[in-house]
Amino acid sequence: MSPLQKDAIFSIVITAVSAALFLFLLFYKNFQIAFAAFAVLGLIGLAPRLFYRKAGKRLLLDERDRDIADKAAKVGFRLFWVAFITVAVLTALIMGDGVIPASSLTYAALGGFIIIFIGRAIAVLVLYRQGAK
Amino acid sequence: MIKEPNIINKIRRLRFDNNEMTQEALADMVGVTRQTIIALEANKYVPSLGLAFKLARAFKVKIEDVFQEK
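Chains as they are written, first to last, in the numbering used here: chain A, 1 to 133; chain Y, 1 to 70.
Derived from the structure by calculation, the hints contain no laboratory data. It is possible that part of the hints are untrue.
Incomplete in silico selection of chain Y near chain A, CB under 8 Å [stated by the list, open to error]: (1) Asn18; (2) Val32; (3) Thr33; (4) Thr36; (5) Tyr45; (6) Ser48; (7) Leu51; (8) Ala52; (9) Ala56.
Non-contacting residues of chain Y with respect to chain A, defined by C-beta distances greater than 10 Å in every case (computed) [what the hints assert, rightly or not]: (10) Arg12; (11) Asp17; (12) Lys44; (13) Phe59; (14) Glu64.
All residues carry an ideal CB built from backbone N, CA and C; glycine is no exception.
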């Protein structure tokens, strides 16, 4: 299995764990405490140390892997852009010239981060499965 | 949108013709992972021109002897 695939699975698992923790804390505590569950997403930053360390002379990534990584990153950013435009338009339609809480920016940034990482991770797994023709 | 050409290759045949060279050995010769050789043999990946030349050189044949347009 390529380091990119391991990285993608790791990102999905970490996101799923933080989402599950968020729902658990939301049910038993309150939103403020539950929101802290997304701090678990910071573990995604460990991926380079875990999966991209060179073991001897073995080649980790080649042109096909880089091709897949580029395509997957584009998918992640496209999904983010679609979500961003949708949320912006819906907010304008629903709120009009009204005021939105400043904390919504934090939620939007976190949502964007999750969309990019999950979109990229799923695209990596799909592209490897398809052979990335 | 530009349509990608359908390129097929004879890498598997050429590997066997070259003393049954392993995928690992070929991957090491041309500087890619074994997974890429597997994808190439399954015609699921079209390599860059640079890699195509390296593959042809590894088998000591011309590039058109390795790759053909379908």
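Here's how the hints hold up against the structure:
1. Asn18: violated, 21 Å
2. Val32: Since chain A brings a Cβ to about 4 Å from Y:Val32, closer than 8 Å, the hint holds.
3. Thr33: Given a least distance of 5 Å, the restraint on Y:Thr33 holds.
4. Thr36: Hint on Y:Thr36: holds, closest Cβ of chain A at ~5 Å, below 8 Å.
5. Tyr45: Constraint on Y:Tyr45 satisfied, holds at 6 Å.
6. Ser48: Check passed: Cβ of Y:Ser48 comes within 5 Å of chain A, closer than 8 Å.
7. Leu51: holds, 6 Å
8. Ala52: violated, 11 Å
9. Ala56: Interface hint status for Y:Ala56: violated (16 Å vs cutoff 8 Å).
10. Arg12: Check passes; 15 Å lies beyond 10 Å.
11. Asp17: For Y:Asp17, whose nearest Cβ neighbour in chain A is about 24 Å away, the distance exceeds 10 Å, so it holds.
12. Lys44: Incorrect as stated: the minimum Cβ-Cβ distance to chain A is 3 Å, not above 10 Å.
13. Phe59: holds, 19 Å
14. Glu64: Holds, because the least Cβ-Cβ distance between Y:Glu64 and chain A comes to about 21 Å, which exceeds 10 Å.
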